[in-house]
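Student: Sequential numbering from 1 applies to the sequence shown in the UniProt record's numbering.
Some clues are possibly wrong.
[To be verified] Here are the simulated distance ranges between beta carbons:
hint	residue 1	residue 2	range
1	K14	D72	41 to 51 Å
2	P78	A130	17 to 27 Å
3	D33	T101	37 to 47 Å
4	D43	E127	20 to 30 Å
5	G62	K126	12 to 22 Å
Hints listed in this document are in silico derivations from the structure and should not be mistaken for laboratory results. Ideal Cβ placement from N, Cα and C applies to all residues, glycine included.
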Amino acid sequence: MARDDEIALDRLTKRQKRPETGDVFRIRLANADYYFGLVLDGDMKVGPLAPGSIAVVVFSGGSASGEPGELDELPDRPLLMPPAIVNQRPWTLGYAEKIGTTDRRPGISLKFVDRGRGKVFDMYGKEVVAVPDDLTGVWGVGNEHTLADKIMASVGNARSYGNRVNPESEREGG
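Given only the sequences and the hints, what does the whole structure look like? Please build it.
Tutor: Structure below.
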């Protein structure tokens, strides 16, 4: 089990309630920029570990100030990383902080690949005919470490945390 000091995110707030569809949240890489996301479905009725999984996207365009600009304009930004399905931990542990709500959604078709079955699904669990690409998420449930790793990979930071190997520690003999 990973310790809090092994995660590449700053704790932004105390425990928060379960996010709802349309919630806009911010998440901050440790001592770095804030990134902004949107809850697409706060209580998925299908999918891995459903009900209760949460479908999210995180948008490009970090902010040192933590201010996203107009919330209704966020869905117009490109995605920073593929969509993700996560549990409630990023909110209950204070890594994801709700900053508002919007009724707008990104204008893309969200898809997730189930690597075990070699199939692609939409966020409602319907199989779709699609070739996985850079914006195809994984049909599985992640947590705050998943978000940290995906954001870091997208912004070019090669470190990884949690239950993954940190290449620097391997070279250092740790």
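Student: Is the gap between the beta carbons of P78 and A130 within 17 to 27 Å?
Tutor: holds (19 Å)
Student: Would you say the C-beta atoms of K14 and D72 sit inside 41 to 51 Å of each other?
Tutor: violated (27 Å)
Student: Evaluate the given range 20 to 30 Å for the C-beta pair formed by D43 and E127.
Tutor: Given range 20 to 30 Å: holds, Cβ gap about 22 Å.
Student: Take a look at whether the Cβ-Cβ distance between G62 and K126 falls inside 12 to 22 Å.
Tutor: The hinted range 12 to 22 Å is violated for G62 and K126, with Cβ atoms some 33 Å apart.
Student: Quick one: are D33 and T101 within 37 to 47 Å, going by C-beta?
Tutor: violated (22 Å)
Hints 1, 3, 5 from the earlier list are contradicted by this structure; the remaining hints agree with it.
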